[in-house]
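Peer 1: In the working numbering, the protein residues as written are 1 to 335.
Simulated from the structure, these hints should not be mistaken for lab results.
The model shown is predicted, which means the values in this text are computed figures rather than measured ones.
There's no promise every hint is true.
[Said to hold, decoys possible] Ranges between beta-carbon positions, derived for each pair:
#1 Ile272 x Asp175: 34 to 40 Å
#2 Met183 x Thr73: 52 to 58 Å
#3 His123 x Phe102: 24 to 30 Å
#4 Asn252 x Ser314: 41 to 47 Å
#5 Asn252 x Thr126: 38 to 44 Å
#6 Gly253 x Ser276: 54 to 60 Å
[To be verified] With a Cα cut of at most 25 Å, we get these calculated PhoX-like pairs of lysine-lysine:
#7 Lys128 x Lys163
#8 Lys241 x Lys212
#9 Lys45 x Lys77
#10 Lys308 x Lys212
#11 Lys241 x Lys308
#12 Lys128 x Lys77
#13 Lys310 x Lys241
#14 Lys159 x Lys77
#15 Lys77 x Lys163
#16 Lys308 x Lys263
#17 Lys310 x Lys212
#18 Lys94 x Lys263
#19 Lys128 x Lys45
#20 Lys310 x Lys263
#21 Lys263 x Lys241
#22 Lys263 x Lys212
#23 Lys310 x Lys201
#24 Lys163 x Lys45
For every residue, glycine included, the Cβ atom is placed at its ideal position computed from N, Cα and C.
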Amino acid sequence: SRSHSGTSRDVQPVQGRRHSSCSSRVVKPRPKPDTSIRVAISYDKIHGYAPGDTVSASISITVPDRPFSTITTIWTKIEGVARVDLQEKVFFCKYSSHHCYFSQSTTVWTPVGRQCYVAVGTHTFTVKFRLPRSCDSSFESELAHIRYSCTVGIERIGKISNKTEMYFTVIRPVDLNTLLSVMSPLSVTETLYDRFFPFEKGEIRLNVNLSKTGYVPGQEIIVNAEIRNNSPRTVNIIRLKLYQFTTFTTYNGGISHQREERKTLRSIERNIFVESDSNHVISRSITVPSMIPLHFRCPNISVAYRLKVKVMTSRILGESVTVNVPITIGSIELR
1 SRSHSGTSRD
11 VQPVQGRRHS
21 SCSSRVVKPR
31 PKPDTSIRVA
41 ISYDKIHGYA
51 PGDTVSASIS
61 ITVPDRPFST
71 ITTIWTKIEG
81 VARVDLQEKV
91 FFCKYSSHHC
101 YFSQSTTVWT
111 PVGRQCYVAV
121 GTHTFTVKFR
131 LPRSCDSSFE
141 SELAHIRYSC
151 TVGIERIGKI
161 SNKTEMYFTV
171 IRPVDLNTLL
181 SVMSPLSVTE
191 TLYDRFFPFE
201 KGEIRLNVNL
211 SKTGYVPGQE
221 IIVNAEIRNN
231 SPRTVNIIRL
241 KLYQFTTFTT
251 YNGGISHQRE
261 ERKTLRSIER
271 NIFVESDSNH
281 VISRSITVPS
291 MIPLHFRCPN
301 ISVAYRLKVK
311 VMTSRILGES
321 VTVNVPITIG
331 SIELR
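All chains, full assembly: derive it from the sequences and hints.
Peer 2: Pasting the structure below:
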């Protein structure tokens, strides 16, 4: 045998190399948006617009240090969109729906000749747009929103578009005088037939009367409740609650899905005394809180208001009877 007197060396693999026949690719850095320019958007009305109003947006573009070069175009986009996003907790299915009220894009600046830059200083543009009369009020929820916005976009060669977006508010007025159904009085009756402890039968009848069903924020709802107690117990509590119910409709693969969200606007509770085998008429009031009345024409979001009147024999393990009355909340009071 032949011996080798040389020292042995371990061959270490070279990190970061791939043994492949393909040549290495050079990854180009992703272009970043230029932050050396400031864009500000302001509106001529700070308290919101009504459908049919003209929106005037003032756009200020400030170049602080050096000319903003390699610009291909500056554009604006005004749009109104309603969107609903729901997710089922059990099967993790996602449902969504989208409704566009309007969308309009306008080019406010293009290069003249070969001068593809905006000079140092502040440049102001004004964009005007008339809102369609079909617009609904602005709305925000965990599940959905109705938003109106103006977006300014600056397109540059080799750069990501510089986009600035600002929302504005739309409030749709609701004239109760145009809704004939809210002017008439309403009477609703519910009866509880039950076997009361220990072995006695009886009933509690609740009749709720309203002089009208249309109200505006800040107005009192006068509730006249007639209680007929033919049970062995005493009715001693009356509770009034004003609710807002919002129904969301979404779609997935052609299958529609709905979810309802309930929000308590106001609640009051009063002690009363209606003894067994007696009738009483009780008048109570609840005030509509300060709010923006919502009446949507959007096919994916609907809102309804309801007054719940409940009388009970006890807060704990007591018998109760409930009457639900539909209410319309508007912004222009009945004359």
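Peer 1: A separate judgement is required for each hint: does it hold in the structure or not?
Peer 2: How the hints compare with the structure:
| no. | hint | result |
| --- | --- | --- |
| 1 | Ile272 x Asp175: 34 to 40 Å | holds, 37 Å |
| 2 | Met183 x Thr73: 52 to 58 Å | holds, 54 Å |
| 3 | His123 x Phe102: 24 to 30 Å | holds, 27 Å |
| 4 | Asn252 x Ser314: 41 to 47 Å | holds, 45 Å |
| 5 | Asn252 x Thr126: 38 to 44 Å | holds, 42 Å |
| 6 | Gly253 x Ser276: 54 to 60 Å | holds, 58 Å |
| 7 | Lys128 x Lys163 | holds, 19 Å |
| 8 | Lys241 x Lys212 | holds, 17 Å |
| 9 | Lys45 x Lys77 | holds, 18 Å |
| 10 | Lys308 x Lys212 | holds, 15 Å |
| 11 | Lys241 x Lys308 | holds, 5 Å |
| 12 | Lys128 x Lys77 | holds, 11 Å |
| 13 | Lys310 x Lys241 | holds, 9 Å |
| 14 | Lys159 x Lys77 | holds, 20 Å |
| 15 | Lys77 x Lys163 | holds, 10 Å |
| 16 | Lys308 x Lys263 | holds, 13 Å |
| 17 | Lys310 x Lys212 | holds, 19 Å |
| 18 | Lys94 x Lys263 | holds, 23 Å |
| 19 | Lys128 x Lys45 | holds, 12 Å |
| 20 | Lys310 x Lys263 | holds, 17 Å |
| 21 | Lys263 x Lys241 | holds, 10 Å |
| 22 | Lys263 x Lys212 | holds, 23 Å |
| 23 | Lys310 x Lys201 | holds, 21 Å |
| 24 | Lys163 x Lys45 | holds, 23 Å |
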